[in-house]
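Asker: Below are the chains, spelled out letter by letter.
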Amino acid sequence: MENLILQALSGLASASSLFLVASGLTVIFGVSRIVNFAHGSFYMLGAYLAWTFVTNLPRGHLGFWGGVLGAALAVGVIGMAVEMLLLRRIYRAPELFQLLATFGVVLIVQDLALLIWGPQDLLGPRAPGLRGSTEVLGLRFPLYELFLIGVGPVVLGLLWLLFYRTRWGTLVRAATQDREMVGALGVNQRMLFTSVFFLGSLLAGLGGALQLPRESVNLHMDLSIIAEAFVVVVVGGLGSLSGAALAALLIGELHAFGILIFPKITLVLVFLVMAVVLVIRPHGLLGRPQEAARGTGMAEPVIRAAPPALKWLGLAALIAAILLPPFAGDYALTVLTDMAVFILFAASLHFIMGPGGMASFGHAAYFGLGAYGAALAVKWLAAPMGLGLALAPLAAGLGGLVFGWFCVRLSGVYSAMLTLAFAQITWSIAFQWVELTGGDNGILGVWPAPWAAGKLTYYYLTLALCLGATLILRRIIHAPFGYALRAQRDSPLRAEAIGMDGFRIRWAGFALAACMAGIAGGLFAYAKGSVFPTYLDIPRSVDALLMVLLGGVQTLSGPIAGAIAFTGLQEQLSRMTDLWRLVLGIVIVLLVLFFPQGLAGAARSAWEARDARPNA
Amino acid sequence: MTDTILETEGLTKEFRGFVAVSGVSLRVRRGSIHGLIGPNGAGKTTCFNLLTKFLPPTRGRIQYDGRDITGLKPAEVARLGLVRSFQISAVFPHLTVLENVRVALQRQRGWNYDFWRSDSRLRQFDDRAMELLEDVGLTSYAMMTAGELPYGRKRALEIATTLALDPVMMLLDEPTAGMAHEDVDRIVALVRRVSAGRTVLLVEHNLKVVAGLCDTITVLARGSVLAEGDYATVSRNPEVVAAYLGTEADSVSMGAAAHG
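First to last, the protein sequences are chains C and G.
Residues 0 to 615, numbered by our numbering, are exactly what the first sequence covers, in order.
Residues 454 to 713, numbered by our numbering, are exactly what the second sequence covers, in order.
Just chain G, with the same shape it has in the complex (with noise of 0.2 Å):
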């Protein structure tokens, strides 16, 4: 077993001659927690879905646990074990709470083409999805209709299903986007929990949130690496300072850079 989970060669995308991603080689290490920071348009999240197979690179390459995953398909690297979040929270609207997480526990036993297995039978999920809804705080919200929940609920709701995957590798698309600031401070204590034991590595808009939280940062910006290390090492280059500074001189991001 070696000390790096994801890799990346060289990886570019490019849409009709506009290069997002430009060459990002990248090294995620086991079990840690890797920030991908950059301001608007650095290509975080075209970056991010390359990683996850939802786009596929124009070049480059990509190895997860030492294994090539550059031409797979998303559902087939969920199944090896690299699982993914949304940005714009993607739930099972139509199903309750419970079945949502229920749904992705029946997934991993390979159930998924059983067409006789009653709905009694389920319910030895039920405890295991209770636990998962627990952990995320949505345990009195488990009867609700998924669709009806507030969006702040609706993002924990995504990673109590991811988790439900038992992932050995979780994605997370901006997990705070959106949120209000209590949430944002649960959400950032969900993840230092379930990185137990598992390597995440998180895109991130909201410095706070990846200054107290990842062990490595990357920082991309015009779809190549700027800089990459810890959030000291990170925060105190002068190219990360003017890229931030440079393009969102108004917005929050600097402030948050400029308070460390």
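If we strip away everything but chain C, and leave its shape as in the complex, we get (with noise of 0.2 Å):
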């Protein structure tokens, strides 16, 4: 019982800091409609700048709590100037360009911090006069948890009072209902959306400024609270204040209860209560649904047979890749075979993004069910490489077909949400279930069979399968099957209208692309001889996304380029530079504002106008 009430407590205090950095982030949302990545980043300078201040600034209440306030000052400074440097620019680009654009910033915030701060978890003073402990009801309690229970309702009441209260606040919610009609009454949006911002962002360093006496300060603060205030943000409704502190609550006391009853898989419980909401309410609990923003629909080209010149290229950098390897080192080897696996990832992943039109925030999760199940294969079975290769796909299709269900239901950022939930659940289960999967330290040992055990033989048997199934891949967009997938993205109503059942059609895509995707994770398992959690954690996710944005939607050829550059890129740097996140980063940022149709896109739009210029 005593245990009971402990453990509520401690809950009310994770809510109330969840609720900090959540309620920013919805605030964002509600009014700019981008989902900021880069919100986590905010957090995590907020506690490290926070370190900075407190530890430099004179001992004492004013020197603490003015270094805190100081900090969260400092990051809504920063979050101001991300929105006018970049996020201005690209209010009207597609949805997933603004997500990538801020993980640009993760990337380049990740490394900086890096840089400044150094790789070693740093250590913050305690609160001054909330030191100790105190007795509630008769147990002892820190403190510090009980004035951070207090902190989550004021700041829900003083945003309650400036939401409701001011001018401005109206301004806020107006937007956050329909932004294009608030332009039109003459509101100054620019200054309306770039305060939003310092004040989301200053919410964000004001979380994590706060945890400075509560835990080590480090560089996985980032993407660990990003996906758990996404979950919060989304359970309770994208944009809705109320909804945020309810989730809060939810997401908190779970986490607390969920330590006690089911240690090992608290974070999979957290992810099964999204998908379970999302499934019984689409928009969250107190959400409402998404009024389409106007005015934002480009008119985006049919999907068209390639123009010759990139058919000769294609066929060239084919005949490159069969015909140079036996004279590539080992190096080489391995590179050419990771970009045949991820070309074949990317082009699962816009299989459902492009011609189907559903966002995947955790694509990884069928790329590691596939490497998992070869590698699971192995290890229990002792099965042969032939036999891990076919249940890849399986494994990775049947998880498919499972969380597509849930997922292919739901559309836009929540769909997008929960894709990002099952890939957390794929990767806690794979995490904690140290039994069956060795936890962190992953299953070693699946090496090819020894006929495809040289490095030249397994590239070749990848480059045939991953290339095989691209293709594949490629004529199913151009089979009856594509064409009923494109008709429901462009028009559900109309796509049900005429007689087809939206829903079965994506799940049924949905589940293509994870088997696919499954080929993938299972040929990479073989290829390293070993598989870990990292294959299908958020990064890897975001890895499919970039490869995909970063070659265009739009085209075929889109996704194979972005691979390609991708992995290219990433190798090059990582041997070149520490700091090859910093640099990724700001390419990304770079890409994103100057090629928001992707390197394919811009190519081929390059090369039309050329065509086109001497019929005008």
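Read the hints as simulated data drawn from the structure, not as lab findings.
Virtual Cβ for every residue (Gly too), placed ideally from N, Cα, C.
Some clues are possibly wrong.
[As the list claims (entries may be wrong)] Partial list, derived from the structure: chain C residues whose beta carbon lies under 8 Å from chain G:
no. : residue
1   : Arg474
2   : Asp489
3   : Ala496
Reconstruct the complex from the two isolated chains, following the hints.
Answerer: Given below as structure tokens:
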């Protein structure tokens, strides 16, 4: 009983911190419609800056609290700068590009933080005046936790006053409902967006700064908090402040009690709750269906046959990929094998994102299921490579069928968040079920059959299977199923009216893409000889998104170009500099700013513009 | 085969207590062109969405071709040959005009889950698709991206897509809304031409369209049937005149009602 009360109280304290971060995220999303991956980075920056301020300022109340508030304000200003320099220029770009840009910021901040504060965990001082503990219902409870419990409601109250009692708040609420209308009424949208970003980032920074006395400051804070903040915001309903508070409470307590009851699967529990909430209430607990933003729909080009020049280029690349490797060294062969694997991985994601019109933030789940499917077969059944490679797409396809059934009934950001949730569930199972999967140590000894053990042979095997599967995907896009998939993406209502079952078509497409990602995963497992939970974590999913978006969603050659460019770039960067994340992040941001159609899209428009000129 | 193809009994739709459609009993004769008219807010579009299953009714039954379709899904009634169009034109914007029609044709052949048949095999539909496009005057737009079509042409494309399914019964939701004058005449002629051998139910605001086109007209007001009959009967009904004059004294519809 006593244990339960303590657990409930510490659940409240985490809920409070979670709410600070999530409220900022939801306010930003409500107005700008940007899913801000960098919000977690702002949280991390808040913690680091608070550490610097607090340790450099004189000890005492002023030094500590001044440092915390100073850090929050500084993060607010940083957020404002990011909005003005980057996001402001891409409000009209497709949602996923905005996401990509914010992920670029994540990478940049990660390396900058590493440069400034170093890789080791930093411990901050405890809060003056709140060092000890106190008696709550006869139980000893840390004072600082009690203080945190109070912060959440106070911030909620202040935000409520801000939004419902000031003119600025009224404008923000109006913009959340219909930003075009607010613009039409003559409100300075730029100021409004920038100030909302300031507020949202400030809240994230405050959330981070307040963690200083609780836990060590480290470089993993950004991605771990962003996943949870996404869950809270989505469960509460995107853009809803009270929803975020309610969901933060729910998730905070779930964590606290989950540890008591299912210590191994707390993470699974959190994401499972999210999945259930979204299936029952597709717009979150207190969310409303989003009005489709007007005037942002660009006329996307139709998928047409590739121009002849591109076909020749592709053929030349293929010939090179077949003829040159015998002259390449082991390192080059490893990179080439990776490229082939990632081409299929990217193509499978493109299949659901481009023609299918569904965003997936968790495609690594199927890559990982394929890898683990093969590896588990090797570990527990001593399966030969042939069987392992056959089980890979099966395991991934099965995962795709089960998870897809939930994901494809939602749309837009909610659907994407659900894919993320399922990916995190799979990741937690791989990470936490140590007996089966080896946990963080992974599964070793997944080696190819003797006949394929040579690097060159294995490269050719991978190339054949990956290119074959990619070509099958390409063929399906041009088959009747591909047309049906594109039709339901373009106009779900119309598709329904001509007798197409959109749900089943999306579901089949999702499972198929999962299967294909599974093949890639299985081949990757044998190429590396091992599998680890990192095969299905968030960065891996983002890698796939990057490849597709860098290459361009609109063309079939896009994901291929993107996979080659990304793998090559990452490989080169990580060899040249320790700060490859920084460079990659800057490259991403620049690409989004200057080539919003992706590499292949930009090349194609340039080509078509050149062709069109003589006729015009 | 009975004479009535679509019949509703006490069809009712409530939105949180607001009764949008109340006890509507409708009978559409096979092979006829049936108009559903009424002033703004009369419940025409709600009624229409009930018939096509895009909204579930609160009470009442819908019978189509001797079958109770009250509990079916939109895609299912579409496969039974009851096909609708939309008021806000809904085309597949990122497919070409020709592909828009072809998707409907392939659906009709049950090819939706065909993962292998190649693009060139789909070309066998091109002739039929071009015929349909010619019917609606879109031949020269065939290779254009559908999203780039002007508004009136999108409506025409929608009708072509609907026709591609060879529907037994077509439900058209204000097919001439927002169209220029000459386009209206073309659509009216088109609806008359394609109605041969089918039943058409159309919701209309423009009384001039209904006058020339419909065999039977049902007038809705405040969610219930106010009058039914041919145009001459309905337009002389004092309640109908009052409903239009009373609620829309300033609108164009009044003028149209007065002129007949």
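Asker: Could you run down the list of hints and mark each one as holding or not?
Answerer: Here is what the structure says about each hint:
Given the 8 Å rule on beta carbons, the hint for C:Arg474 holds: about 7 Å separates it from the nearest Cβ of chain G. Of the supplied interface hints, the one on C:Asp489 holds, with its beta-carbon coming within about 4 Å of a beta-carbon of chain G, less than 8 Å. Annotation: C:Ala496 was flagged as interfacial toward chain G, and the flag holds, the nearest CB pair being 5 Å apart, inside 8 Å.
Checked against the numbered hints above, the structure violates none of them.
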